Structures are given as structure tokens and as C-alpha cells.
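Below, each chain spelled out in residue letters.
Number of protein chains: 2
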Amino acid sequence: MKLLEDRIVKDGIVSAGNVLKVDCFLNHQIDVAFINELGKEFYRLFKDAGVNKILTIEASGIGIACLAAQHFNVPVVFAKKSKSKNIAGDVYVSKVTSFTHGTTHDVIVSKKFLNENDRVLILDDFLARGQALLGLIDLVEAAGAKVVGAGIVIEKSWQEGAALIREKGVRLESLARVESMDVETGVKFVKD
Amino acid sequence: MKLLEDRIVKDGIVSAGNVLKVDCFLNHQIDVAFINELGKEFYRLFKDAGVNKILTIEASGIGIACLAAQHFNVPVVFAKKSKSKNIAGDVYVSKVTSFTHGTTHDVIVSKKFLNENDRVLILDDFLARGQALLGLIDLVEAAGAKVVGAGIVIEKSWQEGAALIREKGVRLESLARVESMDVETGVKFVKD
Chain A
12 MKLLEDRIVK DGIVSAGNVL KVDCFLNHQI DVAFINELGK EFYRLFKDAG VNKILTIEAS
72 GIGIACLAAQ HFNVPVVFAK KSKSKNIAGD VYVSKVTSFT HGTTHDVIVS KKFLNENDRV
132 LILDDFLARG QALLGLIDLV EAAGAKVVGA GIVIEKSWQE GAALIREKGV RLESLARVES
192 MDVETGVKFV KD
Chain B
12 MKLLEDRIVK DGIVSAGNVL KVDCFLNHQI DVAFINELGK EFYRLFKDAG VNKILTIEAS
72 GIGIACLAAQ HFNVPVVFAK KSKSKNIAGD VYVSKVTSFT HGTTHDVIVS KKFLNENDRV
132 LILDDFLARG QALLGLIDLV EAAGAKVVGA GIVIEKSWQE GAALIREKGV RLESLARVES
192 MDVETGVKFV KD
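Sequence lines, in order, name chains A and B. If you read the first sequence in the numbering used here, its first letter stands for residue 12, the second for the next number, and so on. If you read the second sequence in the numbering used here, its first letter stands for residue 12, the second for the next number, and so on.
Just chain A, same shape as in the assembly (with noise of 0.2 Å):
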């Protein structure tokens, strides 16, 4: 998507050990109005998947998932990373290895919004190793629903997780695929 390799371009930073810093309009501020044309874009690829449910993990996911599935006209759920007293026990749980992060935690979600009727569209922001996305694909699949596909923002495509999720039969789009970056030369795309 021209719009946000552009932007990616425009204001990403590159900084040491692999981090493509996008903060001042995707992950930390969030620019609204931008990121609706991403949603709206993630509903012209996915509009004839059947999706009546958007599943995303906190905490950077949830802005892109409520604007895109404005598009949609279908609830957000978002995953939870850690049990708080908020949640019911009785949830879906799968355990998740954050490599920004360095830690690994468990991924929830109260079983009340999952269901096997449920033809799910995954979101969220970054795929690099892919850990999130499975964890994600996990709780669907234990509710007994469907993944219709997984809409991703930025996928860093010389990591593992791309292919990861295709090998799993989940129909990937990624708005904007990095090839490579470089602090001194910056971001390079995949062509298509």
C-alpha cells in the first residue's frame, strides 16, 4: 500500500537491533484519520470474507482494529496479556513470546466472544517472528471458529512469521512488506 510505505518512508526511524520505530502515527500517537485508510483498505481485501468478529491483542492493535472494523460493521475483541480480576475464568489462553519485549506471557480471551459460529479476521499492527499471530490463531481455534485471514500493518518479511502463517493456511495481508532496513539507508520494500 503506496499510502503507508510512503508514510513508513516519511516518518519511520530505524534504530539498532531491528527496530522500526513508526510511534508518532501507529503505535504510541496514532494518527486517526491516516489509520482509517488503512482500515478501509483492510475492508476491500477482506469484504467478501465473510468476517463477523475482529480479533486483535493489546495494546497497539486495538486502535486499528476498532477503526477498520468500522468498515466491517462487526464487534472488536482484544486479547488480554495477562489474567486481571476483570476477566472471567473461564477464558481461552495461549502463551506468547515477545522478543521486543522479552518476556513471555500468557494471551486471553473470555470464552463469552469466541464461538464456533465465529468467521474471524485477525489484526494487529507489526508480524515479525509471528509469535502474537499464532497465539492469536490458537484462541480461535479453540473456540472451535474460523480465521478467515490476518490484516497486518507492517510485516518485517525476511523474519520468520509470514511464512509461519501461510504454512498454517491463513490467508496474510500485510499492508506494507519490509525487505530490509539499515539505520544509515533506511526501510527497503518487497515489490510486488
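Don't take every hint at face value.
Unchecked claim - Pairwise CB distance ranges, derived in the manner of DEER restraints:
(1) A:117 x B:12: 33 to 41 Å
(2) A:112 x B:26: 43 to 51 Å
(3) B:202 x A:182: 20 to 28 Å
(4) B:56 x A:14: 30 to 38 Å
(5) A:114 x B:177: 35 to 43 Å
(6) B:20 x A:130: 25 to 33 Å
(7) A:60 x B:202: 43 to 51 Å
(8) B:155 x A:108: 34 to 42 Å
(9) A:191 x B:27: 52 to 60 Å
(10) A:179 x B:29: 39 to 47 Å
(11) B:126 x A:122: 26 to 34 Å
(12) B:29 x A:127: 32 to 40 Å
(13) A:199 x B:12: 48 to 56 Å
Rather than coming from a laboratory, the hints here were simulated on the basis of the structure. This structure is a prediction, so every number in the text was calculated from the model and none was measured. Beta carbons are placed, not taken as given, at the ideal position from N, Cα and C, and that holds for glycine.
Given the coordinates of chain A, work out where chain B should sit on it, guided by the hints.
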């Protein structure tokens, strides 16, 4: 706001320990069309306040903030609850105790995203003891910016948070004000 009070009566569940569960529409599953109506109401209340930025805190404030921000046509900034590798070193920090989760954590926002020209509307899902909201006000004041108001979806009016916020001279607008609640008899709202 009657629409919200009716929804709380219909779908909210009062549990032991002063917990009002509204996870089927507000903070686990998000009824996006409904929350957008709350966003419109926040706009009606604060449209003349010169808001140029909406601040919230991860995770459950993000959806509300993004949906409301569309009406104000301003960006959202969400404060983060712990330091991660993706946040620049240059951050404002405040300490917040969560009684719900039984923890104290740092709440941080990058200095890039708050400055002395900002007129900030703070939005969040719940106001009870007010600790999260006071932490967010601290962050705005540390930046030399102006808090033009705080918008809350559900206020637990028998707890001290609302009074603490008003004592600081901050305009507070809560869309539903719960006077009391009980596992047996349900939720009672403050009469205006």
C-alpha cells in the same frame, strides 16, 4: 447519558468486590458502533474546548479515544504502562497504582508527543479512585501542556476519584455516574 445507562443495565454484570463488568461492549469485546456514539457525545461536550490532542492510557482507553478522535479530527496519544525497547529514552513518567490489578507501575509518554502548545482532552473507560487519571494529568502538566478536560465513560461516584479530579480544577464529564451497585439489586445511577 441514557443510551449508556440503558446499556449498562442491560449488559453490565455486578460482581463481588465492587466490580462492574462491561466487558461485552466496552473493555474486552468492543461494540464499535455503540462506542462511536459515546465518542460523538464527548465531542458534543468538548467541541468548544480547543482540543488538539486526545490522551488515554493502554489498553482499554484506546478504542474509545480513537473512535472519539475522529469527531475532533485530532491524533490520539496513549500512555504506556511500562518501559519497552520501542520507547525513546526521552519520556515523561508518572507512577500509578491500580487497585483493580493490585499493582503499581510507571505510566510513560514520549516527550515528542506532548508539548506546551497542546490542549489535551483525557479520555478513559473508568474513574474510581482516580489514580490513572491523576497520573495522566501529571504527564500533561510535566509537558507544560493544558488539560482542557477529562471524559470518562463510567464513573463510580461513591469513590474519591471524581472529587480529586475536580479539586485540581479539571473539567470532568462522565457519561454514566454510578451512585451505588450491588450484586443483588444491580446498578443505581446518580440523578442529575
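Cross-check of the supplied hints:
no. : hint                      : result
1   : A:117 x B:12: 33 to 41 Å  : holds, 35 Å
2   : A:112 x B:26: 43 to 51 Å  : violated, 31 Å
3   : B:202 x A:182: 20 to 28 Å : violated, 52 Å
4   : B:56 x A:14: 30 to 38 Å   : holds, 33 Å
5   : A:114 x B:177: 35 to 43 Å : holds, 38 Å
6   : B:20 x A:130: 25 to 33 Å  : holds, 31 Å
7   : A:60 x B:202: 43 to 51 Å  : holds, 47 Å
8   : B:155 x A:108: 34 to 42 Å : holds, 40 Å
9   : A:191 x B:27: 52 to 60 Å  : holds, 54 Å
10  : A:179 x B:29: 39 to 47 Å  : holds, 42 Å
11  : B:126 x A:122: 26 to 34 Å : violated, 44 Å
12  : B:29 x A:127: 32 to 40 Å  : holds, 34 Å
13  : A:199 x B:12: 48 to 56 Å  : holds, 49 Å
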